[in-house]
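Next come the chains, spelled out residue by residue.
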Amino acid sequence: MEEQKEIQPNETDLLANLPFVSASEERPYDFGVLVDQSFFVWSDRLDRGSRALRKTKQSIDRFITFLALLITGVCLALFLVSTFVLLPLSAWQTTRFWTDPSSAQLLFWLTISGLMYIGYRRALGKREPTERGLREDVSVHPLQTTWEAAKQMQDNVWVDVGSRCTQEAWKGLDDAAVLAERFGHRYIGLLHLFTGQLSQPSVGHLFARLGITFEQIKDPLTHKLAEYPKAQAGEGTADRVDPLGQRAILGAAVHAAMHGRTVITPVDLFVSAYRNSPFLQEMFYGVDIQEEAMENVLAWLQIRENLRARWQAFRKASFLKPTGNMNRSMTAVATPLLDRVSTDLTAQAARAGLPMLIGRETEMERILRVFESGGRSVVLVGQPGIGKQAIVDGIAERMVKEEVPALLKDRRLVSIDVGRLVAGATPAQAEERLLLALNEVGRSGNIALAIPNIDDIVGITAGSAQSLDLSSLLAQELEKGYFVLIATTTPAAYRDAIEGSALANSLTKVDLDEPNKNQAIQIIEAKVGKSEAEQGVLFSYEAVEALVDLTARYLHDQFLPDKAIRLMEETALMVKQRRGIGATITKQDVAQIVSTAAKVPLASVTQDEKEKLLALEEHLHARVIGQSEAVTMVSAALRRARAEMRSGRRPIANFLFLGPTGVGKTELSKAIAATYFGDEEAMVRLDMSEYQDPSSIHRLIGVPGSRQGGLFTEAVRKQPFGLVLLDELEKAHPEILNVFLQVFDDGRLTDAAGRTVDFTQTIIVATSNAGSHYIQTEVKKGITMDQIKTHLMEEELSQYYRPEFLNRFDGVVVFTPLTMEDVMAIAHLMLEGVRGRLDEKGIVFTVSDAALKELAVAGYDPQFGARPLRRVIQEKVEDPLATLLLEGKVERRDTVVLETGGQMRVEKAPAL
Amino acid sequence: MAQPLVVQAAKLFLVDLVGGVLGFPVWWYSRGAVRWSHFMWDWYASYRATLAVDVWVKNLFVPMYGSYDIAGRLISFFMRLVMIFLRSFLLLIVSIFLMIVYTIYYILPPVVVAALLYHGLGLFA
Numbered sequence: 002m003e004e005q006k007e008i009q010p011n012e013t014d015l016l017a018n019l020p021f022v023s024a025s026e027e028r029p030y031d032f033g034v035l036v037d038q039s040f041f042v043w044s045d046r047l048d049r050g051s052r053a054l055r056k057t058k059q060s061i062d063r064f065i066t067f068l069a070l071l072i073t074g075v076c077l078a079l080f081l082v083s084t085f086v087l088l089p090l091s092a093w094q095t096t097r098f099w100t101d102p103s104s105a106q107l108l109f110w111l112t113i114s115g116l117m118y119i120g121y122r123r124a125l126g127k128r129e130p131t132e133r134g135l136r137e138d139v140s141v142h143p144l145q146t147t148w149e150a151a152k153q154m155q156d157n158v159w160v161d162v163g164s165r166c167t168q169e170a171w172k173g174l175d176d177a178a179v180l181a182e183r184f185g186h187r188y189i190g191l192l193h194l195f196t197g198q199l200s201q202p203s204v205g206h207l208f209a210r211l212g213i214t215f216e217q218i219k220d221p222l223t224h225k226l227a228e229y230p231k232a233q234a235g236e237g238t239a240d241r242v243d244p245l246g247q248r249a250i251l252g253a254a255v256h257a258a259m260h261g262r263t264v265i266t267p268v269d270l271f272v273s274a275y276r277n278s279p280f281l282q283e284m285f286y287g288v289d290i291q292e293e294a295m296e297n298v299l300a301w302l303q304i305r306e307n308l309r310a311r312w313q314a315f316r317k318a319s320f321l322k323p324t325g326n327m328n329r330s331m332t333a334v335a336t337p338l339l340d341r342v343s344t345d346l347t348a349q350a351a352r353a354g355l356p357m358l359i360g361r362e363t364e365m366e367r368i369l370r371v372f373e374s375g376g377r378s379v380v381l382v383g384q385p386g387i388g389k390q391a392i393v394d395g396i397a398e399r400m401v402k403e404e405v406p407a408l409l410k411d412r413r414l415v416s417i418d419v420g421r422l423v424a425g426a427t428p429a430q431a432e433e434r435l436l437l438a439l440n441e442v443g444r445s446g447n448i449a450l451a452i453p454n455i456d457d458i459v460g461i462t463a464g465s466a467q468s469l470d471l472s473s474l475l476a477q478e479l480e481k482g483y484f485v486l487i488a489t490t491t492p493a494a495y496r497d498a499i500e501g502s503a504l505a506n507s508l509t510k511v512d513l514d515e516p517n518k519n520q521a522i523q524i525i526e527a528k529v530g531k532s533e534a535e536q537g538v539l540f541s542y543e544a545v546e547a548l549v550d551l552t553a554r555y556l557h558d559q560f561l562p563d564k565a566i567r568l569m570e571e572t573a574l575m576v577k578q579r580r581g582i583g584a585t586i587t588k589q590d591v592a593q594i595v596s597t598a599a600k601v602p603l604a605s606v607t608q609d610e611k612e613k614l615l616a617l618e619e620h621l622h623a624r625v626i627g628q629s630e631a632v633t634m635v636s637a638a639l640r641r642a643r644a645e646m647r648s649g650r651r652p653i654a655n656f657l658f659l660g661p662t663g664v665g666k667t668e669l670s671k672a673i674a675a676t677y678f679g680d681e682e683a684m685v686r687l688d689m690s691e692y693q694d695p696s697s698i699h700r701l702i703g704v705p706g707s708r709q710g711g712l713f714t715e716a717v718r719k720q721p722f723g724l725v726l727l728d729e730l731e732k733a734h735p736e737i738l739n740v741f742l743q744v745f746d747d748g749r750l751t752d753a754a755g756r757t758v759d760f761t762q763t764i765i766v767a768t769s770n771a772g773s774h775y776i777q778t779e780v781k782k783g784i785t786m787d788q789i790k791t792h793l794m795e796e797e798l799s800q801y802y803r804p805e806f807l808n809r810f811d812g813v814v815v816f817t818p819l820t821m822e823d824v825m826a827i828a829h830l831m832l833e834g835v836r837g838r839l840d841e842k843g844i845v846f847t848v849s850d851a852a853l854k855e856l857a858v859a860g861y862d863p864q865f866g867a868r869p870l871r872r873v874i875q876e877k878v879e880d881p882l883a884t885l886l887l888e889g890k891v892e893r894r895d896t897v898v899l900e901t902g903g904q905m906r907v908e909k910a911p912a913l
Numbered sequence: 292m293a294q295p296l297v298v299q300a301a302k303l304f305l306v307d308l309v310g311g312v313l314g315f316p317v318w319w320y321s322r323g324a325v326r327w328s329h330f331m332w333d334w335y336a337s338y339r340a341t342l343a344v345d346v347w348v349k350n351l352f353v354p355m356y357g358s359y360d361i362a363g364r365l366i367s368f369f370m371r372l373v374m375i376f377l378r379s380f381l382l383l384i385v386s387i388f389l390m391i392v393y394t395i396y397y398i399l400p401p402v403v404v405a406a407l408l409y410h411g412l413g414l415f416a
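Note that the protein sequences, when read in sequence, are chains H and D. Under the numbering used here, the first residue of the first sequence is numbered 2, with each subsequent residue one higher. Under the numbering used here, the first residue of the second sequence is numbered 292, with each subsequent residue one higher.
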């Protein structure tokens, strides 16, 4: 992908500013461009007569070929009949049969000449794209833009552009001319050419990859086409190409040449037209195809073609690689024991059983350089799923083609299966097996060993204290230098098992990183073909991009490209099952799969959800009474997050809820969890009063060296999509607060085991009672909330939190003390709960207004907010109700009325 | 240069259709010959690679089947000599055969013409 990034802009500039020799009055139909040493010239005509003539020629051509086939066939048949059926065999023995002129022999020679002619016709007609697969640097000579100057180009090779166009491209060109003619336009323009190519299958394929249909661009295209000048009386209609169209055609030739192709396809014309027309770029932008997406889709087509060329070359090369134990120079010996515990990777590759390696050129070079500079063993260290095995397979592929350093030439790559090596054996036996196998490797001399997950053999010892570990044994043998080893392991295993051991000294470490986004996309693009063929579906580019993007963002404990590949297969299967064969996979399908895998709502905002988000305040107020400022602030933050307007590198939102106890801080947090994450329980709750001394940080993120995460980090790792509630934040030790600085800022935290825990999908809510006394007194005085908040931030809170800490919150929300009305509303809410429970028993429950007020008064405490209310309702409502129920005084269909003074009146339902 | 329709039609008839028939012999000895040479060379190269005489020559002093003792080395050396001789001989045979096939291409047209004339004229004479 890096390569494309360098060349593409170049290509864009080149095609959009192509200096060319345009058609003149003298030569109204010819135009050309000098590229390197070749003069690409167009000298065909597209008017009606010429089109008809071309068609006639094609028909005649086909007729001639048909005639040649027919005559040859007849001659052959007659010859066979006359020689083998009509003549007796004895006739052959006479000399006269061979020397005298005969009709049979005449027929024979006619057949031969016919076959020769057919061969000639076939060779002429053959214009298959020859892919060299290499991009070529093309230099354009800018000055010669007139035919006068073009005369000097006689020395150069003249390339006829028309004869290089494929049949498909010609059909598109003819369609363009027909279109211009139908509109009555004077010239065939760029847009005609563009539209003409749209009906060609290869461009249709491109559209599918882009994830759009022709219908989506039909209207703007038709409008724009209508703007071309009409032919006036006496002028020809659509018999010439206008300058922009000329540039588009020549650009297509240049584009093909740049990609090392000798034929011009509809895609070349499409690209050239796209590059030369701001309108087309704008039009595609309008259907959400950005410049970059177009580039990447075009690069994708190129990747597939290159891959095909590479595959063919590989098949050809693999013909010579022996697939047995014996190498070509016959120096090897049989390796019966090794064969039992290993797989021959080169043999597998030669039999086409290994996938091809995509990208990773730098890493491959580094590995091969180790061998070139005399090293005999490497260990590839990388996270699981980033493609270590793919690289080992890639080495096998190169060994088949013999494109490796001398040390690896004419060898086979044999992968030892540690499981099979130690299966059913005591450690001592395992050691013996390993030694015997290595002995075979040494004697055979044509083997390079591969040991995947080499850490597996560490720690297998024969038992007694001084005995050797299996890995030390391997290290010892490696020191002797009689075999070549390619091993793999993960960074953690390397650190734990290998670093510092004897093995580490013998192995050259090569670190492998997770592929970046572009590399991963490239890998998926190359792999997608298999899934597509198996399931009969088609991935659009944005789907592939989404696979990489979304898995990178939401599946943190796995690595690219493996996680994307696995979900790719799943998506293909799902789409086939739902929409049948031939469906195109879009970003939404991928989002759905990732959403299930990561338990995160990802699919784009649906209508239902849209309404819910817009009415978020109402939803929250259904649970939280009062506190409108808090509710508004939180709602706005959530809407921003769901519409993807936030930065992806921080938590969804960080809030600090301030206020006295019992005013709804925790309740609002629960309401957020229920509304945004769909579940009240989607919450990681930390009581910060438990973290009052600096050493409690270990409980938070784990004890260093323990290889385990902390309580907090583990909880978030298991539930990366949820609300993090930090209760009573002011009680935590200042050192602990520093930990959260990073979380608020980067959305990540590294635990003691070195794992990075992701917080970008969490909403962090810290609640604090700090300054609540101040809030209560000031509210009583009737000071406005803004003033209270300013004072709080500047004065009261600075005792507990440093300013940079406070600044990292998206919102500091001050909860106001509850008023009597609030408490009544809360009491009402709570009684609704009681009503609901009684309703299940078939009993109607009503509360008079006076009784409600009485409850509220009893349950309200300026110090504790609405907290005592729950207890009051328990005592005054739930307890008497329970007694009534147990005594059997209420039955189904009865009504219970709560009246002042805690009186419960039962209204019996009329008997049936 | 793009020409008027009449010229195009004339060109089509003369160059493309008539030329398509008359150009046959010219093509046979020019571009056709190049194609044929490529084809035959690839064929030869694949035989040469399969017989791998160069690999055997390079490993003349390397013992076969990992037998590094004196006897093994001696036997290997002579065995390799024999194999090199055999394989070279085989390659020679193949090369001669391919050479013959290659040459046939060039002499085929005159032979065909001669045979057609001989048999055609002879029949009607």
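Do not take every clue at face value.
[What the hints assert, rightly or not] Here are the simulated distance ranges between beta carbons:
(1) D:Leu-308 to H:Thr-95: 31 to 37 Å
(2) D:Ser-379 to H:Lys-518: 25 to 31 Å
(3) D:Ala-340 to H:Glu-571: 57 to 63 Å
(4) D:Gly-310 to H:Ala-353: 40 to 46 Å
(5) D:Ile-361 to H:Ala-353: 38 to 44 Å
(6) D:Val-297 to H:Glu-27: 14 to 20 Å
(7) H:Gln-477 to D:Leu-365: 56 to 62 Å
(8) D:Ala-340 to H:Pro-221: 43 to 49 Å
Everything labelled a hint here was simulated from the structure, so no lab data went into it. Since this is a predicted model, take the numbers as computed values, not measurements. All C-beta atoms in this analysis are idealised placements derived from N, C-alpha and C, irrespective of residue type, glycine included.
Hints, verified against the model:
1. Between Leu-308 (chain D) and Thr-95 (chain H) the CB atoms are about 44 Å apart, so this pair departs from the stated range of 31 to 37 Å.
2. The hinted range of 25 to 31 Å is not satisfied by Ser-379 (chain D) and Lys-518 (chain H), whose Cβ atoms lie roughly 55 Å apart.
3. For the hinted restraint 57 to 63 Å between Ala-340 (chain D) and Glu-571 (chain H), the CB-CB distance of approximately 44 Å leaves it violated.
4. With their beta carbons about 45 Å apart, Gly-310 (chain D) and Ala-353 (chain H) fall inside the hinted range of 40 to 46 Å.
5. Against the hinted window of 38 to 44 Å, the Cβ-Cβ separation of Ile-361 (chain D) and Ala-353 (chain H) comes to about 43 Å, which satisfies the hint.
6. Against the hinted window of 14 to 20 Å, the Cβ-Cβ separation of Val-297 (chain D) and Glu-27 (chain H) comes to about 19 Å, which satisfies the hint.
7. Between Gln-477 (chain H) and Leu-365 (chain D) the beta carbon distance is about 34 Å. The supplied range of 56 to 62 Å is therefore violated.
8. Range check, Ala-340 (chain D) to Pro-221 (chain H): about 57 Å between beta-carbon atoms, so the 43 to 49 Å window is missed.
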